[in-house]
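Could you build all of it, start to finish, from the sequences and the hints given here?
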Amino acid sequence: MTLEIRNLTVSFDSRRVVDIDSLELGDAEIVALAGESGSGKSMTALAVVGLASTKGATVAGSIKLDGTELIGMPQSELRAIRGGRISMIFQSPVSSFDPVFRIGTIFRGALQLHGASRAEARDRAAEAMRGVMLAPELLDRYPHQLSGGQAQRVAIALAIALRCEVLLADEPTSALDVTVQGEILELLRRLREQERMAILFISHDLAVVAELCDRVAVMRMGRIVEVGPAAEVLRAPSDPYTRELIASVPKLTSAAAG
Amino acid sequence: MLEVRALHVVFESVHAVDGVSLTLPAGPFGLGIVGESGSGKTTIARAVMRLIPLAGGSVLLDGHDVFRLRGGALRAYRRAVQIVFQDADSTLDPRMRVGPAIREALRVHRVVSRDEFGHRVDELLEEVGLESATSSRFPHELSGGQRQRVAIARALAVEPRTLILDEPTSALDVTVQARILRLIAELREKRQLAYFLISHNLAVVQQLCEEAAVLYLGQVIEQGPTGQLLSSPAHPYTRALRSAVPEIDIADRRARVVVPGIVPDPAHPPAGCRFNPRCPFVVQRCREETPLLRRLWAEHSVACHRAEELNPVLVSHGGRGQDALGQTPDNLGSIF
Ligand SMILES: Nc1ncnc2c1ncn2[C@@H]1O[C@H](COP(=O)(O)OP(=O)(O)OP(=O)(O)O)[C@@H](O)[C@H]1O
Ligand SMILES: Nc1ncnc2c1ncn2[C@@H]1O[C@H](COP(=O)(O)OP(=O)(O)OP(=O)(O)O)[C@@H](O)[C@H]1O
Ligand code: SF4
Ligand SMILES: [Mg+2]
Ligand SMILES: [Mg+2]
Chain A
1 MTLEIRNLTV SFDSRRVVDI DSLELGDAEI VALAGESGSG KSMTALAVVG
51 LASTKGATVA GSIKLDGTEL IGMPQSELRA IRGGRISMIF QSPVSSFDPV
101 FRIGTIFRGA LQLHGASRAE ARDRAAEAMR GVMLAPELLD RYPHQLSGGQ
151 AQRVAIALAI ALRCEVLLAD EPTSALDVTV QGEILELLRR LREQERMAIL
201 FISHDLAVVA ELCDRVAVMR MGRIVEVGPA AEVLRAPSDP YTRELIASVP
251 KLTSAAAG
Chain B
1001 MLEVRALHVV FESVHAVDGV SLTLPAGPFG LGIVGESGSG KTTIARAVMR
1051 LIPLAGGSVL LDGHDVFRLR GGALRAYRRA VQIVFQDADS TLDPRMRVGP
1101 AIREALRVHR VVSRDEFGHR VDELLEEVGL ESATSSRFPH ELSGGQRQRV
1151 AIARALAVEP RTLILDEPTS ALDVTVQARI LRLIAELREK RQLAYFLISH
1201 NLAVVQQLCE EAAVLYLGQV IEQGPTGQLL SSPAHPYTRA LRSAVPEIDI
1251 ADRRARVVVP GIVPDPAHPP AGCRFNPRCP FVVQRCREET PLLRRLWAEH
1301 SVACHRAEEL NPVLVSHGGR GQDALGQTPD NLGSIF
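Just so you know, the sequences run in chain order A and B.
Each step along the first sequence adds one to the number in my numbering, with nothing skipped, and position 62 is 62.
Each step along the second sequence adds one to the number in my numbering, with nothing skipped, and position 321 is 1321.
FYI, nobody ran anything at the bench for these hints, they're computed from the structure.
There may be inaccurate statements among the hints.
As the list claims (entries may be wrong) - Covered by chain A, according to a simulated footprint, are these stretches of chain B (three or more residues, beta-carbon under 8 Å):
(1) 1023-1037
(2) 1142-1150
(3) 1173-1185
(4) 1201-1208
Unchecked claim - Derived Cβ-Cβ restraints for the label pairs, each shown as a range:
(5) A:247 x B:1111: 31 to 41 Å
(6) A:251 x B:1268: 34 to 44 Å
(7) B:1123 x A:221: 17 to 27 Å
(8) B:1111 x A:14: 30 to 40 Å
(9) B:1264 x A:142: 12 to 22 Å
(10) B:1111 x A:221: 28 to 38 Å
(11) B:1268 x A:115: 29 to 39 Å
(12) A:190 x B:1183: 34 to 44 Å
(13) B:1264 x A:99: 21 to 31 Å
(14) A:229 x B:1060: 53 to 63 Å
(15) A:69 x B:1191: 48 to 58 Å
Backbone N, C-alpha and C define an ideal beta-carbon position, used for all residues, glycine too.
Pasting the structure below:
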């Protein structure tokens, strides 16, 4: 599997919010998209799954999945790819769920749409919930009956249960405490190794990026200002904005660092 | 002073908050609330805002029962205590542009005169790092972090004395986060602001809060001065939490203490110590007897039967001193 983005632009009226020359995601690779708030990270991911245009944006350029062009593909075909080969964890999990359905119903709908039988869907949902450290009983709840971090983990569980090849994860751990976050990062690493899942990991948390990702692309005002191996970029950033970002990471002071 | 006394919140069969007491003194003061996902932090915040009914306990502002306030007193409370919700999306009115939404807050609480509204809106947006053009946008036309900042600006608009911040910077890049943290630090001195800061980011809590409380399954399991709590965590769960903080610098990374198992559903909490099914130090007593929150020394309280035994250095040195810092949490963590 390869995902190739070339000369991608996303615009609202005359305002260009994404302008990416090139970005690739290879088999079993984890690439981070970090950078300024409002720099176009979410729009980039939404463009990949064909949802940027449904929000009123104009998308141009090329996004290829194993050579097949996704831009301009009819929504009916994109729907099969979304949740099939590519799945996405949205930045605000609570509002991305339909509030009138129980979590279990949402799982069943998504899994059956992509070919699972009813019994299979139930088992896979329970298994995915345990995978993100949630009791399967939470499948009986409505979205608003979950805590912020529980909703975020349900979104991860749902994406994983779909067994996609490419996962677009938009701030998937921002609402998690560090112990649970650690478990989720472990899970993502396992999926990459065992299932060869490729992950585009959008995150503000540079420490998490350092722990999880192979490469990192730093965005600012729609453009990628720096890209490279995560360890290298974070240790010796060459772009001034990346440097500023790294310098701004709040750290536990030495007295508390143990 | 804002007090939460023996608070209980129950959703159908879920006992989400089970006897929590917290005191937020008059500002400038920050009380951090940390804890596992689902432990009841947001529920406490919603209870303080009177958004959900209590199953027991009370919330007091300067000694007055908040749930008994009516009319003018209630309006005054709504202005004095503002909240920034964890999920900005579900709290901003989707049909209202940003500018009018903030103006509305200024108008309802008569913060400034009408002819100053426009100017004040621009000022508030600038304080949170947004261009004044943001005024004319709808919430769905903003990025996640931009929406979160609009929610912060709106809460600050009415110049509250007390703020409840539920993960206020979780959707922000670190430079914008630093700006918001500076803003809060500034306001706390300028306006004698007091706040509850709910956050998963321990470094942020350390920066802004003199005190912190750790929640687990609806109960406070440890509380104390932030510096001390983080340098010498006494409860096994706090220690695991402390050890799991990811670091950019590989050299700074510590061995993560793994807490095995799924957090039990608060609908069926385990008997005795609620952490016992996952605690590496569990003994028979932990399964039978609930440990109460008790003073370990001075201001530092913990709910664990074995606190002294597991933290000998902490107790003998009164929690300070080099030895205590050297011994915890990493060295003790390796026992896990
Ligand atoms: N529907 C819309 N109409 C107009 N502008 C929009 C719309 N949606 C998003 N934008 C703008 O597009 C830009 C990119 O937004 P995007 O959501 O991709 O940012 P982001 O990098 O994900 O930021 P964050 O880290 O804050 O989530 C932002 O400046 C945002 O204000
Ligand atoms: N309306 C509801 N009905 C049933 N259970 C609920 C409801 N709202 C919250 N809960 C449960 O109450 C518990 C506490 O939730 P709360 O939102 O306070 O957690 P939190 O500490 O804020 O977690 P997070 O860090 O994930 O945001 C959770 O187990 C949650 O599932
Ligand atoms: S009381 Fe027992 S089970 Fe609970 S934290 Fe202490 S040692 Fe662990
Ligand atoms: Mg975003
Ligand atoms: Mg919460």
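### Query
Within 34 to 44 Å or not, the Cβ separation of residue 251 of chain A and residue 1268 of chain B?
Since the Cβ atoms of residue 251 of chain A and residue 1268 of chain B sit about 39 Å apart, the hinted range of 34 to 44 Å holds.
### Task
Just tell me: holds or violated, for the beta carbon distance of residue 229 of chain A and residue 1060 of chain B against 53 to 63 Å?
Hint holds: Cβ distance 54 Å, inside 53 to 63 Å.
### Query
Cβ-Cβ distance between residue 247 of chain A and residue 1111 of chain B: within 31 to 41 Å?
36 Å, holds
### Message
Assuming the hint says 21 to 31 Å, is it satisfied by the Cβ distance from residue 1264 of chain B to residue 99 of chain A or not?
### Response
At 26 Å between Cβs, range holds.
#### Entry: Whether chain A covers the stretch 1023-1037 of chain B (at least 3 residues having a Cβ closer than 8 Å to its Cβ atoms)
holds (count 4)
### Query
So the hint says 17 to 27 Å: do the beta-carbon atoms of residue 1123 of chain B and residue 221 of chain A match that?
24 Å, holds
### Query
Do the Cβ positions of residue 1111 of chain B and residue 14 of chain A conform to the proposed distance bound of 30 to 40 Å?
The hinted range 30 to 40 Å holds for residue 1111 of chain B and residue 14 of chain A, with Cβ atoms some 36 Å apart.
### Query
residue 190 of chain A and residue 1183 of chain B, beta-carbon distance inside 34 to 44 Å?
Roughly 40 Å apart at Cβ, these two residues keep to the hinted range, so it holds.
### Message
If I claimed the Cβ atoms of residue 69 of chain A and residue 1191 of chain B lie 48 to 58 Å apart, would that claim hold in this structure?
### Response
Cβ of residue 69 of chain A to Cβ of residue 1191 of chain B: about 55 Å, so the range 48 to 58 Å holds.
### Task
Verify the coverage statement for the stretch 1142-1150 of chain B against chain A, using a C-beta to C-beta distance below 8 Å and requiring 3 or more qualifying residues.
Satisfied; 6 residues make the cut.
### Query
Can the suggested window of 29 to 39 Å be confirmed for the beta-carbon pair residue 1268 of chain B and residue 115 of chain A?
35 Å, holds
### Query
How does the Cβ-Cβ distance of residue 1264 of chain B and residue 142 of chain A compare with 12 to 22 Å: does it lie in that range?
The hint (12 to 22 Å, Cβ to Cβ) holds, given that residue 1264 of chain B and residue 142 of chain A are roughly 21 Å apart.
Every hint from the earlier list agrees with this structure, and none is contradicted.
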